[in-house]
Structure formats: structure tokens, C-alpha cells
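Take a look at the letters that make up each chain.
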Amino acid sequence: MTLINDLKTLISKNIRDYGMYIALLVIFLIFTILTNGLFISSRNISNLLDSAGYIAVLAVGVMLVIVIRHIDLSIGFLAGFLGAIAAILLMQYHLPVYIVLPIILILGTIAGLFTGFLVAKVGIPAFVATLAGWLIYRGAILQVTEKTGTIIVQNDAFNAIGNGYIPSIVQINGLHLLSLLIGVLGIILYNFSAVSTRRNKMKYNFEVVSKQIFILQLVFVSAIIAAITWILAGYNGFSWTVIIILLVVLVYHFLTTKTVMGRHIYAVGSNPEAAHLSGINVNKITLIVFGSMGLLSALSGILFTSRLQSATTTAGTLFELDAIAAAYVGGVSAAGGVGKVTGAIIGAIVMASLTSGMNLLGVGISYQYMIKGGVLALAVIFDVITRRKGN
Amino acid sequence: MSEYILEMKQISKEFTGVKALDNVNFKVKKGEIHCLVGENGAGKSTLMKVLSGVYPYGTYEGEIVYEGKVQQFHKINDSVNTGIVIIYQELALFPDLTVYENIFTGNEIKQGALIDWNETIVEAKKMLEKVNLDVNPETLVKDLGVGKRQLIEIAKALSKDVKLLILDEPTAALNEDDSENLLKLLKELKKQGITCIMISHKLKEVITIADSATVIRDGQTIRTLDASKGEITENTIIKNMVGREIQDIYPKRVKNSHDEKVLELKNWSAYDQKLGRHVVKNANLHVKKGEIIGLAGLMGSGRTELALSIFGNAKAYKLQGDLLLDGMPKAFNHPSEAIKAGIAYVTEDRKGDGLFLLQDIKSNISAANLQRISANGVINENEEIKVADRYKTSLHIKATSLEQLVGKLSGGNQQKVSLGKWLFVGPKLLILDEPTRGIDVGAKFEIYTVMNKLIEEGMSILMISSELGEVLGMSDRVYVMGEGEIKGELPIENADQEKIMQLATQ
Chain A
1 MTLINDLKTL ISKNIRDYGM YIALLVIFLI FTILTNGLFI SSRNISNLLD SAGYIAVLAV
61 GVMLVIVIRH IDLSIGFLAG FLGAIAAILL MQYHLPVYIV LPIILILGTI AGLFTGFLVA
121 KVGIPAFVAT LAGWLIYRGA ILQVTEKTGT IIVQNDAFNA IGNGYIPSIV QINGLHLLSL
181 LIGVLGIILY NFSAVSTRRN KMKYNFEVVS KQIFILQLVF VSAIIAAITW ILAGYNGFSW
241 TVIIILLVVL VYHFLTTKTV MGRHIYAVGS NPEAAHLSGI NVNKITLIVF GSMGLLSALS
301 GILFTSRLQS ATTTAGTLFE LDAIAAAYVG GVSAAGGVGK VTGAIIGAIV MASLTSGMNL
361 LGVGISYQYM IKGGVLALAV IFDVITRRKG N
Chain B
1 MSEYILEMKQ ISKEFTGVKA LDNVNFKVKK GEIHCLVGEN GAGKSTLMKV LSGVYPYGTY
61 EGEIVYEGKV QQFHKINDSV NTGIVIIYQE LALFPDLTVY ENIFTGNEIK QGALIDWNET
121 IVEAKKMLEK VNLDVNPETL VKDLGVGKRQ LIEIAKALSK DVKLLILDEP TAALNEDDSE
181 NLLKLLKELK KQGITCIMIS HKLKEVITIA DSATVIRDGQ TIRTLDASKG EITENTIIKN
241 MVGREIQDIY PKRVKNSHDE KVLELKNWSA YDQKLGRHVV KNANLHVKKG EIIGLAGLMG
301 SGRTELALSI FGNAKAYKLQ GDLLLDGMPK AFNHPSEAIK AGIAYVTEDR KGDGLFLLQD
361 IKSNISAANL QRISANGVIN ENEEIKVADR YKTSLHIKAT SLEQLVGKLS GGNQQKVSLG
421 KWLFVGPKLL ILDEPTRGID VGAKFEIYTV MNKLIEEGMS ILMISSELGE VLGMSDRVYV
481 MGEGEIKGEL PIENADQEKI MQLATQ
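So the protein sequences, as listed, match chains A and B.
Residue numbering for the first sequence is 1 to 391, as defined by UniProt numbering.
Residue numbering for the second sequence is 1 to 506, as defined by UniProt numbering.
These are computed hints drawn from the structure, not numbers from a lab.
You may find that some hints are simply not true.
[Unchecked claim] No more than 25 Å apart at the CA atoms, straight line, and that leaves these computed lysine-lysine pairs for DSS-like:
(1) B:Lys204 / A:Lys121
(2) A:Lys121 / B:Lys187
(3) B:Lys408 / A:Lys201
(4) A:Lys8 / B:Lys408
(5) B:Lys187 / B:Lys126
(6) B:Lys398 / A:Lys201
(7) B:Lys315 / B:Lys428
(8) B:Lys315 / A:Lys284
(9) A:Lys203 / B:Lys386
(10) B:Lys69 / B:Lys142
(11) B:Lys408 / B:Lys428
(12) B:Lys125 / A:Lys284
(13) B:Lys340 / A:Lys284
(14) B:Lys75 / B:Lys19
(15) A:Lys258 / B:Lys191
(16) B:Lys351 / B:Lys444
(17) A:Lys284 / B:Lys318
(18) B:Lys160 / B:Lys191
(19) B:Lys318 / B:Lys386
(20) A:Lys284 / B:Lys351
(21) B:Lys398 / B:Lys444
(22) B:Lys444 / A:Lys203
(23) A:Lys284 / B:Lys126
(24) B:Lys386 / A:Lys201
(25) B:Lys69 / A:Lys121
(26) B:Lys19 / B:Lys444
(27) A:Lys121 / A:Lys284
Remember, it's a predicted structure, so these values are computed and weren't measured experimentally.
Whole structure, please, built from the sequences with the hints as guidance.
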């Protein structure tokens, strides 16, 4: 029975990390049962992930902003505005997609850096600086769409970003081969990195979980990756949106956990004074984090415009609050210094699952908001309580 | 009725196992100015907090008799209602409110449920006259200097019908004119029958103003001196303040000092724009290779500020004078530049600005020198573990693993992590700010041993310390600071507790 005991201590020790995954699993189970399996169908999961994309990338960015103890309210309308600019460049200036995308991403980064400049160098509280941005970008969308109203994007390559799927190479029994290959690759990579991390830890006599638990972990995660791959392969395979989310997660996970810059971000977040006295340039880190926020806002704008295949006058409304909610559900701490990229993504998926599941069940929009609010509050209460216990 | 307005009998107060006050007896006569003196951490402020109800009745042992009655203060208002008002060193004023609002905050003059502002202004004017302060009551407090703010605090106390006024180092932040003014005012208040307890580090003030003075040391009352018997002299006070026996807990080391000066400051001044005054004035100081320099002084004497001004001007002071490192003039604009040049600074407040409490031991140790263990911006985690493990072993950091959160370590182990972080930078000059504050004797000894080893390896150490024993036991040379100035330099052979205290309290 040592296995069960090990499992118990493992879960109670890491309840904060696992809580979110367990919550997601529970939500999936409940909706699957209530919808007689419709929720877990390939088509629904595929749509759910695609619809979560533009909030998920914002959530990653804003998670880092919250980690360094700031906030960014301007990101929703910045995303909307840049999406409209993308549509204008494509439809009115007839620029090719491969030129439009980098332009939008660069514009987003510049906008983010400017916010960062106001916060870090001028010393304006982030709440006020980005509230000003919120108003300005909101006006800017109206301005650029004033003559045309909604701009319909008729560009297949651009629209594929939000609606298309990766090519399949060959279909086997109606399954998407390339997607399956990516899934298998993912499982191999995960197992490989987990085994090498464990070996490393053992070399330095670090605490590691027992062998059985470790194998259980490997099997469990592999099974989840396999299941998701299988589900998606059964519909149209991985969408470009999912691939983009995965790339953002990979890049940001790497940046935050493996690089000097990532360490400095968390150092600034957990104790700005100590960071300054450790020779870390706090202003520079603030600029970088807001710059990255701008970049991800641009990406979000592209994803949203592409998904709607049009730029509307109200695009971006309340994205910022959805993203902030996702980040908090994902375990970021308002006190700074704590938050994970994977958490932010899971948070976004939790929120998207709630929307999707409740839509399938025909729950009225009024109840949907209340339930999502409740989940957000519960997530933070859970976080606060487990942290208190930890101390 | 007894001649004493206040008698504190057998007061003891413990903080998680540490006795801050140990059977303290403290008596204050009606209508006198009674000074309370003692080293940093002797227990003066704790005693006053017990008296004013900051530490409520029941959290301490002993008895407070005030105006002939035994008192049980459960909260600050209880003591205020009986006429005891305490004014802290960090003034508790609202900078963005006017003078009259400040004077009557918490003690509003009301007509029904509403505040009677006209009456408030009239009353405020009367209070200001009482403290001889000629300002418009509608001025914002932030537009006034520290000296005037101090007087407003006193005016505020007077508005509450104060009988016993307690001042915690009222002149620490004041210039000489303002200080004199304040002392004069206290004498006038005395004539009006107000009793006054003043905590002070400036012995000259004590000698000029006190009717009695009580010396506290290590949480115990040592002696109460009476001015009318001619007992209040600098010598008697200092003797009583420092009379502690120094235990020999300081490991010996071989002298290793060379003639080269690692650090030299010439006419070094630092002006704090936020405070609007010089925090370091015309300091001249040098540290030779292989030396431990003790920087002694009382709280607020400018030692930490001096360290921060050397360490990359971390608080963005306006600097004047020359800083030479290995004989080369340097001007640092950011701690990172000082670190690159070979200076490390272990802060006094390790939880506040030294460590990342939510991060583990290894990330804390590597935090100031990630460049060394990374290539192209990517951290080599194996290298990081090796480095952290090296310092964990060599500094005897007691922890379950390198992945333990620093916030969960004991004070001594936290201090060792902090030390490890800065040793990893590979400095030639290590500035230690109160390196053993709040840690147990065993850990202290370990830290002293490490310091000696570093000196043998040719490092130089500038040690800021309020513990005279530590200064005398570890240093090769001692500088004493007071009011932002270097008040004197003592070779260790000539230094003793009394001389240091004399310079520090000048």
C-alpha cells in the first residue's frame, strides 16, 4: 500500500499545482456526462480549443504582467485594433499575409513597449496607464473602421490561422496522420525530458518521487496527450490555432523556466527591492514584459480576426478581463512572483470549457456569467487557502 | 498621592522565546523630563509600547501604575484616554492633509454627526500657539519641514489633553536649530505640568534637559540617574549603557591586511532627495586589502545609507566626492555596475530587500550572478545546482534540499543563503550590514568563521554592526558614524565600548 500512501503525500504536497488539472478533469467529466458524451466529441473539443486561442495567448502575457505586480487593461482593444489594421492592410492595401503578420506583431510589440515605458520610466501606475490605452485603442478601432464598418477578410491564408487545420499527409481510417505523428512526438519528448530531469535530480540526491509513482505519472500524462491527439485526429486534426497555442506555450515555458531573463522576471515579481540590489535592471524587465504583452496582444488580434474572418468595430471588448480571469484561475498570485505559463493556458481552457459545456446544455447567458464568476472566486479562494496551509 | 505619575513594576515581555524585557522597573516623577537611554535593541521602544497599549494588557507580565491606579490598557485608545500620548520617530502624520486636519484626526470636534471645521481651525490655532509654531493651519503637512512636523505631532498630543508625553528619538531627524527649539518647548511644557519621557541617543541633549535618566540594557533597567544629585554625566551614562561583558565568541584569525586600499572615499556625501537632507556628510574612509572594518554607530546614523551609496548608488542619492576602487575613481549608477566592479552588499533586512522568500535556495544563491552559469541567456541548471550545493556545504546551510523555499528557513540559515548569494559574485569587497542580527549564537560563530576565512583568502570586509562586541571582536579598525558623519576612527588596539559609544552619541 506504499503506492497509495505515496500518491496521497504527492497530491497533498503539490495540491496547488495539481488542483487546476483536477478541476479541469472534473469539469470535463461533468459536462461529458451531462451532454451524453457530446462535450468530449472530437468536433466540440476542436472548436473549444480554437475558441480559447485568442484568450489563451493573452492570458500567458498578462500572467507575466501580474507576476511583476502590474496589470494591463489595454490588451483587449489593442488586440481588436491591431486585428482591424491587419484586415485593412490585407483588404485595402492588398499586402500579402507574410508581410502583414510581421507588421502587426511588430506594431503590437511597439505598443507594449510604450506602455512599459510609461510604467517603468515615467512611473505612471500600470492601472492608469493601461486604462488610458484601453480608451485610446477603443477609439482607434472605431476610427479605422468608421468608413467601412465591419471589414470582411477575403484571404484564405489569413483565415486559415483561425479556422484551418494542418495538412494531414494521409488519412488512415478517417484519422489525421500528421496530427497523430505530432502527438506521438509529444509523448516521446515528454517522457524523455521527464526521465532526464529525474535522473539529474537523483544525481544530486534531490527528493524524487518513488519509481512506481513516477511511472504512473508518465503513463498518466502520456495517456492525456494521446487522448487529446486521438480526439482531435478524429475530426480535422490539429488546427493552426492549436499549433500556435502550443508554440506560445513551448516558447514562453522555456523563456520563463530556463533563461536568465525568466529568472529575472520572477525575481522582480517576488521582491523588487532585492532584485534591484541583486543588480537586476527592474526597468528593463518591466519593459520586456510589457513588450511581450503587446506582441501577444497582436497575436491575439490576428487569431480573433482570422477566426471571425472579419474585423468588427467592437472586436476586443472584455478580452482583457477574460484573460486576467484565466490567469487567476491558472494560479497567478496578485502579490507577485508566482505564476506559470502552463497554469495560464489551463486557466484559459477551463474558462472556455465552461462556456462550451454550458452552451451545449443551453444554460442561459446570465447564469453562465454567474457560474464563471463563482469558479474564478473559488479558484482564488483555493489558492489562498492552500498557500496559508503551505506556510 | 505619590510623587510618581507612573510606575512600571516588574515588566517582562517575551517574543517567541526571546526576552525583550526582563523584570523592568521604571518610575517617572510628576512634572519631570525623564530620559530613557540604551543601545539599539536594549528594549526602550518595547517598554514604551507596553506602556501605551500597543502590546495590550495580558501579553506582558508586570504592573503599570499610572496616577495612583493600576492600569490595564487593551488598546492604544485606552492609554490616550488617560492622557498618555506617544510620538514615534517615524511621525504618524498625513502628508496630504492640512495642519488642522492632522491635529484633530481621530479626535474630531463635532457638532452632531458632522465635523465643525470652523471650530477645528480655531482650536488648531490655539494648539499651534502653544507649541510656538507660526504656520497657517491650512498648510499641507507635506509642505513643512521635519522640525515643524514634529511640533505638529506635539500640538496633536496637546489637543488630547496629554499628561504624559512620550517622545521616541524626537531629534534624530532634526538639524541643530530645530532640535534646540524642540528641547526648549519641552521645558516650557514641563512648566505647564506636562510630564515627559524622551528616548534619546544624543547624550548632550540628555544632559541638558533631563531631570532623571534611566539606562536600559539587554531588557533590564540598569540604573536611574538623578540630575539634582549630579549623576547625569556622559561618563556615568555610557558606563551604564555598555557595561556588558563581552563573551569571547569571536574566532581568532591571522592578520592578513596589506597596504593597498581596496576602497577609499574622499569627502563623500550623499543627499537624499526624498528626505530632503544629507544622509552622508563628508565621509572619509578607506578599507585595505584583507581588512575587516567595523562601522559602528547608532540607528539612523547613516551607515546603511553609506553602504547603499557605495553599492551602485542603489537609492539614487545625489552624490558628491570621490569613490576609489583599487585606486581608480569610479562612478556607479546601478548596483549591477558595483557588482561587476567587485562589490557585494549583504543587506540588513534580509526578508525585506535581501532574499526572494518565495523561491528556493538555489535560485536565491544564483540570483545575482546568473550570467556565470548561463550560455546565451539559457541557464545551465546542473551548474546552478553544483554552485548552490557548494555554498550549502561550505556555509553549513541546514535545509532539507536545495529546492526548499528560503522563506521556510530559520533566520541564521537565511543569512547564510544571503551570504552565499553574494560570495558567488566573487567580490573583493564585501559589505555586511548587521550580519548577525536576529540569529542564534551558533550561527553567529559560523558566520564569523566564514568571515575570517574570506579575509585569509584576501577579501576585504566592511561590516556595519550595532553590536559593540562584534565590532570589537572582529574588526581590524573601527569607524564610528553619527548624524551621517564619520565621527572618528579607532585602531582596534585603542577601541573599547565606551570610546565607541562616546563618538556615536556626540
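Against the structure, the hints come out as follows:
1. B:Lys204 / A:Lys121: violated, 45 Å
2. A:Lys121 / B:Lys187: Judged against 25 Å, a Cα distance of about 49 Å means the pair is violated.
3. B:Lys408 / A:Lys201: Holds - the C-alpha atoms of lysine 201 of chain A and lysine 408 of chain B are around 21 Å apart, at most 25 Å.
4. A:Lys8 / B:Lys408: Satisfied, since the Cα-Cα distance of roughly 23 Å is no more than 25 Å.
5. B:Lys187 / B:Lys126: At roughly 19 Å apart (the allowed maximum being 25 Å), lysine 126 of chain B and lysine 187 of chain B satisfy the hint.
6. B:Lys398 / A:Lys201: holds, 19 Å
7. B:Lys315 / B:Lys428: At roughly 22 Å apart (the allowed maximum being 25 Å), lysine 428 of chain B and lysine 315 of chain B satisfy the hint.
8. B:Lys315 / A:Lys284: holds, 17 Å
9. A:Lys203 / B:Lys386: holds, 11 Å
10. B:Lys69 / B:Lys142: violated, 40 Å
11. B:Lys408 / B:Lys428: violated, 31 Å
12. B:Lys125 / A:Lys284: With Cα atoms ~50 Å apart, lysine 125 of chain B and lysine 284 of chain A exceed 25 Å; violated.
13. B:Lys340 / A:Lys284: holds, 18 Å
14. B:Lys75 / B:Lys19: Satisfied, since the Cα-Cα distance of roughly 22 Å is no more than 25 Å.
15. A:Lys258 / B:Lys191: violated, 70 Å
16. B:Lys351 / B:Lys444: holds, 18 Å
17. A:Lys284 / B:Lys318: Holds. Lysine 284 of chain A to lysine 318 of chain B sits at ~22 Å (cutoff 25 Å).
18. B:Lys160 / B:Lys191: Holds, at roughly 18 Å.
19. B:Lys318 / B:Lys386: violated, 41 Å
20. A:Lys284 / B:Lys351: holds, 24 Å
21. B:Lys398 / B:Lys444: Between lysine 398 of chain B and lysine 444 of chain B the Cα gap is close to 14 Å, so the pair holds against 25 Å.
22. B:Lys444 / A:Lys203: violated, 32 Å
23. A:Lys284 / B:Lys126: Violated. Lysine 284 of chain A to lysine 126 of chain B sits at ~53 Å, over the 25 Å cutoff.
24. B:Lys386 / A:Lys201: Holds, at about 12 Å.
25. B:Lys69 / A:Lys121: violated, 58 Å
26. B:Lys19 / B:Lys444: holds, 19 Å
27. A:Lys121 / A:Lys284: holds, 9 Å
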